[in-house]
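Enquirer: What follows is the residue order along each chain.
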Amino acid sequence: MRKFIALTKIQVKDFFSKYTQHANVKNKWLGMLTLAIPALLILPAFQLVNRIYDTFFLIGFPELTMTYMYLGTVMMMFFACIPFIISIFFYSRDLKFFATLPVKVDVIIFSKLASVYIYLFVIGCFFFGTSIVVYSTTDGLTVYRLIAGLIALLMAPLLPMILATLIIIPFMSVIGKGNKRNLMVIVGNVLLLVLIMSIQILMARVEMDPESLNRILLQEDGLLRLLGRNFPPSIWLTKMIQGSIIDGGLFILLNAVFLYILKLVSQLLYSKGLLAFNQEGGGMTGKGKIYYKTRSKGLQMMKRHIGIIFSNPIFLLNTVLVMFLPIILFIIMSFTGELSPEVFQSPAIAPYMLYIYAGVITAPAIVGNLSATAITREGKTFWETKVLPITTGENIRYRIYATLMISFTASILLAIAGGMYLPVTFDIIIRAAIFCIAATLFLSTIDIVINIERPTLNWTSPTAAVKNNLNVILSLLIRVALGGIVYFSYRLMPDFAANTMVAIYSIALLLLYGISNYIVFGIYKRKFDQINL
Amino acid sequence: MLVLKNVSKTYDKTKKAVDDISLEVKKGEIIGFIGPNGAGKTTTIKMITGIIAPTEGVIEINGVDISKAPVDAKKNFAYVPDHPTIFDAIKGIDYLNFMADMYDVSIEDRKERVEKFTKAFQIYHALSQTINSYSHGMRQKLLISGALLSNPKLFILDEPMVGLDPHSARVLKDLMREHCEKGGTVFFSSHGLEVVENLCDRVAMIHKGKLIACDVVENIKQSNDKTLEEVFLEMTKDA
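Sequence order for the protein chains is A and B.
When we follow my numbering, the leftmost residue of the first sequence carries the number 1, and every step to the right adds one.
When we follow my numbering, the leftmost residue of the second sequence carries the number 1001, and every step to the right adds one.
By construction, these hints were calculated from the structure, which means they are not laboratory data.
Don't take each hint at face value.
[Unchecked claim] Sample of chain A residues lacking proximity to chain B, with all beta carbon distances greater than 12 angstroms (derived):
#1 Val174
#2 Asp247
#3 Leu262
#4 Pro341
#5 Asn499
#6 Ile504
[Said to hold, decoys possible] Simulated coverage check for chain B against chain A, where a stretch passes if three residues somewhere in it have a Cβ under 8 angstroms from a Cβ of chain A:
#7 1048-1060
#8 1068-1077
#9 1091-1105
#10 1110-1122
Idealized CB from N, CA, C, for every residue including glycine.
Given the sequences, and given the hints that come with them, work out the whole structure.
Expert: Right under this line is the structure:
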């Protein structure tokens, strides 16, 4: 146990120090405050939960808020932890070191999962935790509810995390073979996610026969059973918080069983999965042609920055999932019939089509935030560009250009897909494209400021570079603030047509782009030069 | 070729890693930079190459102040770090083409030099493989080849012999000597005192951030019966 605690402690410390690194906060309390920055995201989560609570309260079942939020959170946790698990088990630099330590393999596996647990626990606090708080405070807070709620919250990450581990480790050892294993890892994992999402959506759509449906609904807790029929732990959890000791026992027992299963198979996962994967050669040793070709410095630099993303499966998986998630969801929902073209043909939707289309094609820049980790992704190879005979401005600019290239590629693909599916006119396409260009230019430029402030070049796992990173949170906060401004300006000018509003937003974003250019190339150039390796 | 005037580097306003170093390296010279672990060798080299900025002082490369005209200064040198940590998902030849483009090396020159250096280091056959399949020594040799491609006026190397097999170490020493004979300058740090003693025109010794000696080997050795190792141990012994 001592070894487990020591191993866990070192990894958790690494997790947090990477998160707060280079925040330039020497004060202990300021450091704590930095950790609390993501807590700002709890505000929209509270608003969401409150709305759901009001809906369930109206039909007399406020406790379903927890069931609903738990189900959603479990799904979110499951998807969020897949790239994280791949990163810490297969691309982490410390696994080779841990392999030499005199500790049991289950200790290595459990200690490595500790950082995943913390990450998922934070997600759980935002969405599921707020539902427990809202339900308990509105419906009456007791000591029992407080304890039961805390147990539920602490246990919420276990099932998705263990399930994902049990699927991913064997899956990776199967697909991660041969010369093109990085490509296989990307394609394999995207397909796996698509498969899981499709199954989930299809299961949700399976029609029950009327007799069974009636039988369920006639029970006292019929609605709860209907909502949680595909995932019974959600029923047990809700009842546990409501006061049922038996359901609480079932929920805790299920989590304990899953933990025990993971412990039982850990030896197998380690030898057949992790060691097997790490023994495979990563390099390409095939014969090829030695060529001599000149390219411009700019092209070489952009090639390098894009290459860094494409060569690391975690970076690429993260980029692909974040940028193409709208496409993936769109395809699945169309495939399963969840989304039909008729919905968008409705005259009620027509005035909002420009907003919808502009939002869809701008999604890669909004959720992508690639510039916020453009320096961090380079890690210890950052010195290479520092000694090259290029100006600091060029060094920064080509990183932004690389982000723009990826973002615009994703936007063009989304524009084509959206154009084929949505009833958009040429006028809408042009207006939305201008908005998308303005937003992408601004966001890609301003994000690099965050990365210059917090370069974080020393990371052990690639997830720390692109996910467990305060930079990403900060860039999201910029977007939340921007979204808030857009929303309030829309409310202030309700009589303006979509064309006018989008034109105003586009001009404002272009102005912001000009300002961000001045900030980056006027002020932050010096800071970039001062980045210490 | 390389001038350091009262250069200091202080971390976190209190830790002085390099303390008021002044040094001049002349054209055509090979100078060895020695010192115990943590003496400030790598920090000094990082300041010379522009990776980090000095807290005080001026660094000039071929008469160009690196803090005032970094691009012009950087055109004059090539650098090989102490750890061959490079972007390794590309092929060896991709890396060499990248370096050649960065230093504007013509197709003819790059072809001739790539073949010359990589064949000498016995990595020519591996150029079409990705760098992540290379051993530590092979990466080091690729880095050295890439640095030499531009035929730099000043060649800066940090612990270049680490990880090299005896054959490659010999090749590197010959290349360094040849580079100087052709008018180039070499500045390198090393823990291999024998290499420094045999190869260098002058030796600069750093201890606790201060330059404690900079002279020809014979003068540093003080008397003929002492080796450079003995003198080094004496001079860097803590009181």
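Enquirer: Indicate, hint by hint, whether the structure satisfies it.
Expert: Status of each hint after checking the structure:
1. The claim that A/Val174 is not at the interface with chain B holds, since no C-beta of that chain comes within 12 angstroms of its own (minimum 22 angstroms).
2. A/Asp247, annotated as away from the interface, keeps every beta carbon of chain B farther than 12 angstroms; the closest lies near 51 angstroms.
3. Look at A/Leu262: its CB is around 31 angstroms from the nearest CB on chain B, clear of 12 angstroms, so calling it non-interface holds up.
4. At roughly 42 angstroms from the closest C-beta of chain B, the C-beta of A/Pro341 stays outside 12 angstroms, upholding its exclusion from the interface.
5. For A/Asn499, the non-interface assignment is confirmed: its Cβ lies about 46 angstroms from the closest Cβ of chain B, beyond the 12 angstroms cut-off.
6. Every Cβ of chain B is farther than 12 angstroms from the Cβ of A/Ile504; the closest lies at roughly 41 angstroms, confirming the non-interface assignment.
7. Look at the region 1048-1060 of chain B against chain A: 5 of its residues bring a Cβ nearer than 8 angstroms to a Cβ of that chain, three or more, so the hint holds.
8. With 5 residues carrying a beta carbon less than 8 angstroms from a beta carbon of chain A, the region 1068-1077 of chain B meets the three-residue requirement, and the given coverage holds.
9. Counting residues of the region 1091-1105 of chain B whose C-beta sits closer than 8 angstroms to any C-beta of chain A gives 8, which meets the bar of three, so the coverage hint holds.
10. Counting residues of the region 1110-1122 of chain B whose beta carbon lies closer than 8 angstroms to any beta carbon of chain A gives 3, which meets the minimum of three for the stated coverage.
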